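Heads up: the sequence shown is residues 76 to 444, going by our numbering.
Hints listed in this document are in silico derivations from the structure and should not be mistaken for laboratory results.
Among the clues, some could well be false.
[Said to hold, decoys possible] Label-pair ranges, simulated between beta-carbon atoms: (1) A354 / E269: 18 to 28 angstroms; (2) P387 / K110: 41 to 51 angstroms; (3) D295 / S199: 39 to 49 angstroms; (4) T153 / R362: 41 to 51 angstroms; (5) D140 / F170: 23 to 33 angstroms.
The structure displayed is predicted, hence computed values, not measured ones.
From the three backbone atoms N, C-alpha and C, an ideal C-beta is built for every residue, glycine too.
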Amino acid sequence: MDADTAHSGLVDEVLQKIERTRQARRHKFYLHDEKITLSHGSGGKSTHNLIEGVFAPAFSNPLLDTMDDAATFSVDGTGQRMAFTTDTYVVSPLFFPGGDIGKLAVHGTINDLAMSGATPLYLSVGFILEEGFLIADLRRIVASMAHAASEAGVTIVTGDTKVVQRGKADGVFINTAGIGLVRASWLMGQTQLEPGDKVLLSGPVGDHGIAIMFAREALDIETDVQSDTAPLHTLVASLLEVAGKGIHCLKDPTRGGVATSLNEMALGSEVSVALDEHAIPVHPEVRGSCEILGLDPLTIANEGKLLAIVAPAVADAALQAMHNHPLGRDAAIIGTVQADPPGMVFLRTDIGGLRVLDMLVGDPLPRIC
Numbered sequence: 076m077d078a079d080t081a082h083s084g085l086v087d088e089v090l091q092k093i094e095r096t097r098q099a100r101r102h103k104f105y106l107h108d109e110k111i112t113l114s115h116g117s118g119g120k121s122t123h124n125l126i127e128g129v130f131a132p133a134f135s136n137p138l139l140d141t142m143d144d145a146a147t148f149s150v151d152g153t154g155q156r157m158a159f160t161t162d163t164y165v166v167s168p169l170f171f172p173g174g175d176i177g178k179l180a181v182h183g184t185i186n187d188l189a190m191s192g193a194t195p196l197y198l199s200v201g202f203i204l205e206e207g208f209l210i211a212d213l214r215r216i217v218a219s220m221a222h223a224a225s226e227a228g229v230t231i232v233t234g235d236t237k238v239v240q241r242g243k244a245d246g247v248f249i250n251t252a253g254i255g256l257v258r259a260s261w262l263m264g265q266t267q268l269e270p271g272d273k274v275l276l277s278g279p280v281g282d283h284g285i286a287i288m289f290a291r292e293a294l295d296i297e298t299d300v301q302s303d304t305a306p307l308h309t310l311v312a313s314l315l316e317v318a319g320k321g322i323h324c325l326k327d328p329t330r331g332g333v334a335t336s337l338n339e340m341a342l343g344s345e346v347s348v349a350l351d352e353h354a355i356p357v358h359p360e361v362r363g364s365c366e367i368l369g370l371d372p373l374t375i376a377n378e379g380k381l382l383a384i385v386a387p388a389v390a391d392a393a394l395q396a397m398h399n400h401p402l403g404r405d406a407a408i409i410g411t412v413q414a415d416p417p418g419m420v421f422l423r424t425d426i427g428g429l430r431v432l433d434m435l436v437g438d439p440l441p442r443i444c
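Using the sequences and the hints, build the whole thing.
If you want it as structure tokens, here you go:
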């Protein structure tokens, strides 16, 4: 019996067990909470409950309803499409191995634009500052933002500053918005997956979340893990060049990690995603830390990785393009899109088992970005 046949049999065995779960999850998120909790900011199930229970019904429109990281739209009379996105950063601590809140804010907004196939152009920045925050630290953050933007070839063109009383914030919170020109002439997004597509991951997962945890907590564990924060737009440009319309979806697995991102895609396209655990790159230090702390690398935030869902005909070319780029040297094909059961993600484990890979539940690492 070959691996694909065995995998198909395992899927059949668990179908009855997961049917009730599938029916409850498929395009349905329920908000039962009366108050906001930290888990509503995790990027996982609680975040989706909040979005679907509060924001989506109020703001519903064709651009928003795709739930992609950036809205894309045509500019009247020009034929040119643009991308627009916004994000807010509350990471704690403000400075961490591999980056800081300013660098993270620039990279995160660039990446949300890039995932829509856009070339990032301009950013806005808004600061909420706490009374008593050190000007020296603010200068350091602003300098980091300026350097990150310059290196990425984007310009910060507008901004705003507000100050709140001592104790009403935690040093500084940052909001960034960005616009870019869409290079892709075809529709990409989490509603565009097709059975047979290959799932590519640009590199090892979990670095950012583990770096933040060790910077925040006084854990008696030695580690050199650094945040992977990086701008991904040049990697995306390389993919677009070689894979073109064969790219069906791009996603940077930030809050909620790879697991949550793939669940969003499976739900959006009404397909199933099957992953091979042995194919998923994870740095040994991250894997070891997760085992000690009881965390799953697949639900931990990343800030410099992307998932690419591509047609099988272009998978090898896309993988080679990743390998040729500094941010994709450890890229791998980690799974396949299947037709059934829709809305589900499965992980074929190293020991040959099969388990449902769900969205992040709770918030084991709050304020990760």
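Results for each hint:
About 20 angstroms separates the C-beta atoms of A354 and E269, a value consistent with the hinted range of 18 to 28 angstroms. Restraint check, P387 to K110: a C-beta distance of roughly 47 angstroms satisfies the suggested window 41 to 51 angstroms. Distance hint check: the CB atoms of D295 and S199 are about 42 angstroms apart, consistent with the given range 39 to 49 angstroms. Against the hinted window of 41 to 51 angstroms, the Cβ-Cβ separation of T153 and R362 comes to about 49 angstroms, which satisfies the hint.
The given range of 23 to 33 angstroms is broken by D140 and F170, whose C-beta atoms sit roughly 38 angstroms from each other.
Going through the hint list in order, the structure does not satisfy hint 5, though it satisfies all others.
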